[in-house]
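**Q** Here is how the chains run, residue by residue.
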Amino acid sequence: MSGAPSGWLGRLRSGLGKSSNRLAGGIGSLLSERKLDAATLGDLEDLLITADLGVETAARLTEQISQRRFAADVPEAEVRAALAKDIAEILEPVARPLDTTARPEAGPQVILVVGVNGTGKTTTIGKLAQQLREQGKSVMLAAGDTFRAAAIDQLKLWGERTGASVVAQDPGTDPAAVAFDALQRARAEQTDVLLIDTAGRLHNKADLMAELEKVIRVLRKIDPDVPHEVLLVLDATTGQNAHAQVETFKELVAVSGLIVTKLDGSARGGVIVGLADRFGLPIYAIGVGEGADDLRPFAAQDFADSLLGLSA
Amino acid sequence: MFDTLTERLGKVFDGLTRRGALSEADITAALREVRVALLEADVALPVVRDLVAAVQERATGQEVLKSITPGQTVIKIVHDHLVETLGSEAVEIDLNAPTPVPMLLVGLQGSGKTTTTAKLANYLVEKQGKKVIMASLDVRRPAAQEQLRVLGDQALIPTLDIKLGEAPVDIARRAMDRGRREGYDVVLLDTAGRLAVDDDMMDEAVAIRDAVKPHETLLVADAMTGQDAVNIGRVFHEKVGLTGIVLTRIDGDARGGAALSMRAVTGCPIKLLGTGEGLGALEPFHPDRIVGRILGMGDVVGLVEKAQEVVEEEQARKVAAKIQKGQFDLEDMADQLRQVKKMGGMGGIMSMLPGAGKIQKQMAQHNIDDSMIRRQEAIILSMTPGERHRPALIKASRKRRVAAGSGTSVQEINKLLKQFQQLQSMMKKMKKMGGRMLPMGGGMPGGALPPGFGR
Chain A
563 MSGAPSGWLG RLRSGLGKSS NRLAGGIGSL LSERKLDAAT LGDLEDLLIT ADLGVETAAR
623 LTEQISQRRF AADVPEAEVR AALAKDIAEI LEPVARPLDT TARPEAGPQV ILVVGVNGTG
683 KTTTIGKLAQ QLREQGKSVM LAAGDTFRAA AIDQLKLWGE RTGASVVAQD PGTDPAAVAF
743 DALQRARAEQ TDVLLIDTAG RLHNKADLMA ELEKVIRVLR KIDPDVPHEV LLVLDATTGQ
803 NAHAQVETFK ELVAVSGLIV TKLDGSARGG VIVGLADRFG LPIYAIGVGE GADDLRPFAA
863 QDFADSLLGL SA
Chain B
18 MFDTLTERLG KVFDGLTRRG ALSEADITAA LREVRVALLE ADVALPVVRD LVAAVQERAT
78 GQEVLKSITP GQTVIKIVHD HLVETLGSEA VEIDLNAPTP VPMLLVGLQG SGKTTTTAKL
138 ANYLVEKQGK KVIMASLDVR RPAAQEQLRV LGDQALIPTL DIKLGEAPVD IARRAMDRGR
198 REGYDVVLLD TAGRLAVDDD MMDEAVAIRD AVKPHETLLV ADAMTGQDAV NIGRVFHEKV
258 GLTGIVLTRI DGDARGGAAL SMRAVTGCPI KLLGTGEGLG ALEPFHPDRI VGRILGMGDV
318 VGLVEKAQEV VEEEQARKVA AKIQKGQFDL EDMADQLRQV KKMGGMGGIM SMLPGAGKIQ
378 KQMAQHNIDD SMIRRQEAII LSMTPGERHR PALIKASRKR RVAAGSGTSV QEINKLLKQF
438 QQLQSMMKKM KKMGGRMLPM GGGMPGGALP PGFGR
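Residue numbers (this note's numbering), protein chains in the order written: chain A, 563 to 874; chain B, 18 to 472.
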């Protein structure tokens with residue numbers, strides 16, 4: 563983690579760069595030698611597929627490129643730029659940062675964080691808390707993951723690190739009760755932002771999804787307008803199953819935005835291109851490392867450029 | 018969202034069935050669908066290419082050309098090839114080494130290493146009677162070591178005491194020392210999550226490996242992993258050296274193509290599957306089931322096994338005979354409903370099928386749930402035996418009586434009777450298609466059934 567270029571753009575690029583080098587290099591060697599013929603387009607499509615864009619999205623993007631009528635000896639950088647532009651156009655409408663400035667009149671801004679197991683919900687909450695604290699806001703964390711062993715301790719450590727207060731009950735407690743308690747305390751203490759952690763759950767487990775619906779139902783007994791945000795945390799390593807995750811969570815708990823984590827690995831997170839196209843949910847932030855400042859706003863053109871190995 | 022391979026091939030082969038023979042072009046078209054199906058299941062592209070080429074070789078020639086049901090044949094060839102690729106036989110965790118046997122679990126952040134460590138310990142204790150100790154070498158994620166300790170306490174499996182500030186390699190050495198001193202059979206070492214591109218962390222994994230020389234080094238990987246599975250598998254195998262793979266979250270509805278990708282790129286067997294949140298939810302690997310999922314055919318094997326457990330064979334034969342004779346009545350429908358209940362209800366059955374979340378939602382929209390099954394059973398139980406046998410008897414006043422008796426409404430009675438009619442006509446159709454789909458009883462070859470035999 564040390565010695566990496568500082569500045570978030572540098573980090574994003576070095577993170578994404580690792581992942582996109584092969585894609586970019588692949589396109590380079592592909593195009594310098596051949597025309598943009600059917601075989602080349604097919605290879606181009608394959609390269610998008612290996613970035614997890616999915617068969618359908620990859621085919622559509624390739625189709626767009628094929629109608630662009632490039633000269634026979636088009637420089638490969640031009641094709642890459644055109645592709646990046648197409649991808650950025652899809653992503654532009656969803657590149658909207660999480661708005662924490664508008665504090666509701668009564669009580670805190672309430673943010674519920676959900677997702678399947680192991681995507682990085684608790685870590686994301688820690689990073690968010692850190693950033694909110696740096697903005698001078700008071701933050702409360704609700705330890706709603708009462709299932710996973712030591713999840714409560716993990717959140718408490720984040721509380722200590724960031725100076726956020728933590729509301730927790732015993733492991734095994736009904737998470738709805740923890741959330742209810744936390745919201746009451748946050749209102750009493752006039753906290754600015756309440757971040758509610760939840761246990762990871764697979765979206766196809768009806769009982770666990772019902773548990774999450776209950777958390778929201780119970781919170782609304784205090785204030786019908788909460789939660790103000792429901793963040794779905796997605797792991798960039800995930801393949802096409804991300805579609806099923808977004809679909810189900812969105813339908814059952816009204817997800818308001820996405821956070822995509824682990825983009826500093828070799829996974830390229832290309833699935834979000836298809837997600838943006840299909841669901842139009844804002845991508846509030848991306849995770850590009852383990853430090854608190856590694857949770858960054860999502861920038862469409864930068865992401866697309868990095869995906870294709872173009873420097874901004 | 019995704020069509021299953023069966024549906025895809027169905028489209029390609031629609032209308033071909035009666036034409037008899039298949040051309041090369043048909044095979045190519047079929048394989049294009051196979052390719053898309055595999056990619057949508059997250060099998061990595063290079064692996065897909067190899068698979069498709071191999072299947073093409075097998076499919077080209079007599080087998081498919083002479084087949085009566087080309088779609089089925091292609092699916093079978095693909096299925097068999099994928100099973101072979103994944104390794105037809107289950108490979109157990111290898112304990113054949115001087116005790117204490119060191120085992121290392123590695124993987125990306127959030128793949129489920131700590132939970133898997135506890136499950137594996139539990140598995141070795143319960144199934145193999147081993148004495149196991151666990152240690153967490155994760156000094157990075159807050160409370161990671163604590164997480165393993167809590168899991169150990171739950172499972173009554175000892176964990177190495179936590180010393181703040183101790184380096185992972187030192188923890189590993191201390192765990193081995195204690196394992197030797199106290200006569201443990203197995204020392205399980207849980208490690209911090211690491212990205213394949215993080216050289217410092219990969220070096221740390223290598224240093225741990227060199228310090229304890231693990232007999233098993235298991236890559237713990239999420240079944241939802243996408244195309245990156247090949248990179249993850251390759252880098253961990255090249256740098257740390259793997260002996261096996263544990264695939265977690267197989268209880269989700271991901272198709273699990275990562276299994277094929279990782280197996281192909283590392284050559285290491287998939288040894289275990291994480292099948293749920295409980296400590297006991299760790300199962301030996303069945304290639305059949307994973308292949309069924311990848312191809313979108315669901316855990317048909319699991320479903321069939323489950324069905325075999327609860328469905329009494331005698332009864333099944335009786336029902337089959339009745340269907341054959343066109344005598345399936347409401348009594349039999351009630352039996353079927355009871356069997357669904359025994360198999361863990363609709364939810365239990367659906368959870369074994371892919372896309373279950375979606376189906377469950379659709380079922381919820383149409384109010385299909387277990388309470389509906391109970392209501393339907395109640396309706397049938399409120400009928401007289403005569404009515405159950407001849408539903409046509411049930412007219413308005415009888416409907417009112419049955420509704421009152423079962424605490425339902427006339428509309429629900431009508432709905433049930435309509436469903437029964439649909440079921441009956443479906444069964445007649447199945448019977449007409451006869452032997453080819455359901456080779457039931459006798460030596461009568463399906464093709465020999467004359468048209469209209471169903472009446």
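Hints are computed from structural coordinates only; laboratory data are not their basis.
Ideal placement from N, C-alpha and C gives every residue a C-beta, glycine not left out.
Check before you lean on any hint, since a few could be wrong.
FRET-style restraints, in silico, Cβ to Cβ [stated by the list, open to error]:
no.	chain 1	residue 1	chain 2	residue 2	range
1	B	191	A	776	41 to 49 Å
2	B	435	A	747	19 to 27 Å
3	A	842	B	435	37 to 45 Å
4	B	66	A	638	51 to 59 Å
5	B	409	A	787	19 to 27 Å
6	A	859	B	436	52 to 60 Å
7	B	428	A	772	22 to 30 Å
8	B	171	A	723	21 to 29 Å
9	B	435	A	664	24 to 32 Å
10	A	855	B	70	23 to 31 Å
Looking from chain A toward chain B, a few residues come up when the C-beta cut is under 7 Å (computed) [stated by the list, open to error]:
no.	residue
11	611
12	617
13	621
14	682
15	716
16	761
17	764
18	827
With a straight-line cut-off of 30 Å between C-alpha atoms, the simulated DSS-like cross-links for lysine-lysine are [what the hints assert, rightly or not]:
no.	chain 1	residue 1	chain 2	residue 2
19	A	699	A	647
20	B	230	B	180
21	A	776	B	358
22	B	180	A	718
23	B	435	B	335
**Q** Hint by hint, say whether it matches the structure.
**A** Taking the hints in turn, this is what the structure says about them:
1. B:191 x A:776: 41 to 49 Å: 44 Å, holds
2. B:435 x A:747: 19 to 27 Å: 54 Å, violated
3. A:842 x B:435: 37 to 45 Å: About 40 Å separates the Cβ atoms of residue 842 of chain A and residue 435 of chain B, which means 37 to 45 Å holds.
4. B:66 x A:638: 51 to 59 Å: 23 Å, violated
5. B:409 x A:787: 19 to 27 Å: Violated - the Cβ-Cβ distance for residue 409 of chain B and residue 787 of chain A, about 56 Å, lies outside 19 to 27 Å.
6. A:859 x B:436: 52 to 60 Å: 53 Å, holds
7. B:428 x A:772: 22 to 30 Å: Distance hint for residue 428 of chain B, residue 772 of chain A holds at roughly 27 Å.
8. B:171 x A:723: 21 to 29 Å: Roughly 27 Å apart at Cβ, these two residues keep to the hinted range, so it holds.
9. B:435 x A:664: 24 to 32 Å: Check failed, 53 Å falls outside 24 to 32 Å.
10. A:855 x B:70: 23 to 31 Å: 47 Å, violated
11. 611: With a minimum Cβ separation of about 5 Å from chain B (threshold 7 Å), the hint on residue 611 of chain A holds.
12. 617: 5 Å, holds
13. 621: 9 Å, violated
14. 682: Since chain B brings a Cβ to about 6 Å from residue 682 of chain A, closer than 7 Å, the hint holds.
15. 716: 4 Å, holds
16. 761: With a minimum Cβ separation of about 9 Å from chain B (threshold 7 Å), the hint on residue 761 of chain A is violated.
17. 764: 4 Å, holds
18. 827: 4 Å, holds
19. A:699 x A:647: 37 Å, violated
20. B:230 x B:180: Measuring from Cα to Cα gives roughly 22 Å; hence the hint holds.
21. A:776 x B:358: Distance ~26 Å between residue 776 of chain A and residue 358 of chain B Cα, so the pair holds.
22. B:180 x A:718: 19 Å, holds
23. B:435 x B:335: Judged against 30 Å, a Cα distance of about 23 Å means the pair holds.
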